Amino acid sequence: MTDNIPLQPVRQKKRMDSKHRGGCCECLRCCGRREPRPRSVWLGHPEKREQRYPRNVINNQKYNFFTFLPGVLFNQFKYFFNLYFLLLACSQFVVEMRLGALYTYWVPLGFVLAVTVIREAAEELRCYMRDKEVNSQIYSKLTARGTVKVKSSNIQVGDLIIVEKNQRVPADMIFLRTSEKNGSCFLRTDQLDGETDWKLRLPVTCTQRLPTASDLLQTRSYVYAEEPNIDIHNFVGTFTREDSDPPVNESLSIENTLWASTVIASGTVVGVVLYTGRELRSVMNTSNPRSKIGLFDLEVNCLTKILFGALVVVSLVMVALQHFAGRWYLQIIRFLLLFSNIIPISLRVNLDMGKIVYSWVIRRDSKIPGTVVRSSTIPEQLGRISYLLTDKTGTLTQNEMVFKRLHLGTVAYGLDSMDEVQSHIFSIYTQQPQDPPAVKGLSLATKVRRTMSSRVHEAVKAIALCHNVTPVYESNGVTDQAEAERHYEDSCRVYQASSPDEVALVQWTESVGLTLVGRDQSSVQLRSPGGHILNFTILQIFPFTYESKRMGIIVRDESTGEITFYMKGADVVMAGIVQYNDWLEEECGNMAREGLRVLVVAKKSLTEEQYQDFEARYVQAKLSVHDRSLKVATVIESLEMEMELLCLTGVEDQLQTDVRPTLETLRNAGIKVWMLTGDKLETATCTAKNAHLVTRTQDIHIFRLVTNRGEAHLELNAFRRKHDCALVISGDSLEVCLKYYECEFMELACQCPAVVCCRCAPTQKAQIVRLLQERTGRLTCAVGDGGNDVSMIQEADCGVGVEGKEGKQASLAADFSITQFKHLGRLLMVHGRNSYKRSAALSQFVIHRSLCISTMQAVFSSVFYFASVPLYQGFLIIGYSTIYTMFPVFSLVLDKDVKSEVAMLYPELYKDLLKGRPLSYKTFLIWVLISIYQGSIIMYGALLLFESEFVHIVAISFTSLILTELLMVALTIQTWHWLMIVAELLSLSCYIASLVFLHEFIDVYFIATLSFLWKVTVITLVSCLPLYVLKYLRRRFSPPSYSKLTS
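Residue numbers are given in my numbering: position 794 of the sequence shown equals residue 794, and the series is strictly consecutive.
These aren't lab readings, by the way, just hints derived from the structure by calculation.
Quantities reported herein were computed from a predicted structural model and do not represent experimental measurements.
Even glycine gets a Cβ: it sits at the ideal position worked out from N, Cα and C.
Mixed in with the good hints there might be a few duds.
As the list claims (entries may be wrong) - Computed spacing ranges between beta-carbons, pair by pair: (1) Glu735 - Gly110: 51 to 61 Å; (2) Ile926 - Leu1013: 23 to 33 Å; (3) Arg209 - Val411: 44 to 54 Å.
Build the full structure now, drawing on both the sequences and the hints.
See the structure below:
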């Protein structure tokens, strides 16, 4: 049997031309907005501003009171078919073109517009209420008259604002003071960057030392800040106090900032406002995601254009058969109006309401609890996914880190030998400070044990000190917070950090005897196995960044005065920093092959002179305004040489539940899975094997690192010779390949059963999605859980966010939000499949309904000398597509061909949908032929059997038409639902009841006769019975794949 030809409308370009993007500055000037400039902000003196700053108002609305109605109507009528129906309705004001009562055209159009306006109004009202709530939040402001209350929307640049614990930061501020004893505060930033872990922030040292907050107003101080930009992870500025002797200058960085939309997690803080309104970092990072139009909607539009062509052709034929007599151009317009039912105005409404039903069904599914539909316009997309692009950490894996391995070069400790590490640590802290003279003749074994103990101790101490973890004490019902903090109560302690890896490492050092019990901005406290507190002063800390891939800390041991620089990071950067060794590269590879995330830990002892020299250069670099980050990095790199390699740590990220069967289901459904991750190559490859993304029988081709065109050419040729082979490629190599051989690379990659891209930047993830769409023309689905997956999720045809440990940013930006990766299988196999098949049946049936009545009109006009006279007028034409047939036709959204359990058991059923068979040119043509056959039979039958009066033709044909539509719905349904039966009976009852009021169009006495009943019965049977017979024969001799499973 020949395959159906799926519809392939031209895919819209998703990326804007660079010249359009670049034109925003010109636009800003035209709109009167000035280009952002650096600023000097005086503390507590907003009147001293150098320039005008925007109001601190959050506005997420698309329209205002005056633009709402014009805006909504413009957005509706910019589409050709809505404009077409408007012109049709307006044409009825012209007497020569009028075909019936005005309401027959204006009521359907008015209903469609009313539904849209009400939906938009409800959405705008929700937005307005949300914005009003945020803008009306009350804050305390420090002024010369004392503390006053101020609304968030009235806050200005230069105001000194007090923010309480658990209160949202209203504007971008510099942190000046805190009530916390340790002189720092924690921020919750999950609404800004998607990370759930708390961030440590430090106040300006000069202002923190002031006796009271009101003293801030007595000083002559200002902050010099860079121009507003979108970078939430960096900030360059300086704080200057002019009235001190000498004047104080302090450098400001990201650690001194409080960005808007973050929440204060500890203490009460005071800050000076730097940026407001549209210049906020959070607002500048909020891009309006593109409005996604489903492939199904494009296909329906394609069919509607064909119907419009048919409408024009039929109208021209009718006028041509009149030999273009008289004012033929007016006749063409009248026929266009007469046959306007060929394009069903109710199609868009039915499909939109269907999407709402599908979204409701998805949310109510108890098998996938917590699933949220954020974009109800594209549920059909879920039924036709060809490529699934997934993140690794937190999506396929749990983002729950378990410490698995400590490697010291000559010896490695796994989970089963951690008691040995514990005994080494215990022996170090329990041995006497001075060995007695009698123990001089120690055996060699004891000396080796002492040496190994000191090596293990140094490694564990480095891991316990080199991090950004802070222990937080909470009351547990028995001990209050203050007492728990004072006594370092274990049961009340919670670790907070910006990475789960860090917490896993600190929890491991606690399990082997060295516990992190306290930390503030200047000190760290560890507790030894004997219960002694070890105090360390933090001299400098260099936080982890994605560019540096490492973090460092310089501490002074209070008991000995020794200064030590500890550093840990990825092996690729640490290999060039540590002293030469012959085991680092090999062991890193071995641990990565086991699926472990590897960190290299090193140290360097510094003398007081070395540190003082470094500090002077470091402070100088931090005070520079231009190229600060480069100068600071250069100074730090002067320390990062010839460091002593201490150990490697291996942390495992465990797979989520049922990842393997879900990926197998997707593979059997014909969906190719690509894994895009920022993790290293070996770890990503190992996870791909563990998750069975790559089956045991498949080979893996690891694309070697290429840096230029020649190397890329050779490697692509080597890869071309492989067959049925999974590809693993790094982000750097991918960039080179896409630069020189984009077409060839994508062609080869698309043939692979699975692709793993490691060391991928967020922009690369989005680029891969875009290339897949452009090169294959297939639908893509992107799945992720972190802020770095948002661009990929928004670029894909269908974005799915997993609510994970990295926060909710991905799930909020996605079209669909799930709680676990395993729910994706049911979302696609059951809901995606049902949504697509139901919408395909619904759209074709609505078209069939309109073509039937249009065919009857064509037959009627041709019989009566091609007169442009309507067959049905007034309420009949409105009632036909509303109360008489709407409920049964719409009930098709409840239909299903197989049970959900069968759809999950046989994912191969999903593969059929990828060919677009439910809605293709072939199925469309079949429905057109059915419509022409039924319309012709009903009209010719009524003309043959009517008795003298025209109203008898209307009565017989219209009743037969209604009964035919109800029977056709019954013929189309595959699984009956009780609501379908109710819809059928309700529609029939409505028609019978309304006959009493339709005496203007139908002879009430005639329909009560036996003659009327047998004529209607005969016509209805002749129009429907052959189709029932054909359906039975097809099911008998050529059953579809799903019917074999249900029999």
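Hints, verified against the model:
Remark: the range hint 51 to 61 Å for Glu735 to Gly110 is upheld by a beta-carbon distance near 54 Å. Taking 23 to 33 Å as the suggested C-beta distance range, the pair Ile926 and Leu1013 conforms, at roughly 31 Å. At roughly 49 Å, the beta carbons of Arg209 and Val411 sit within the given window of 44 to 54 Å.
Hint compliance for this structure: every hint is met.
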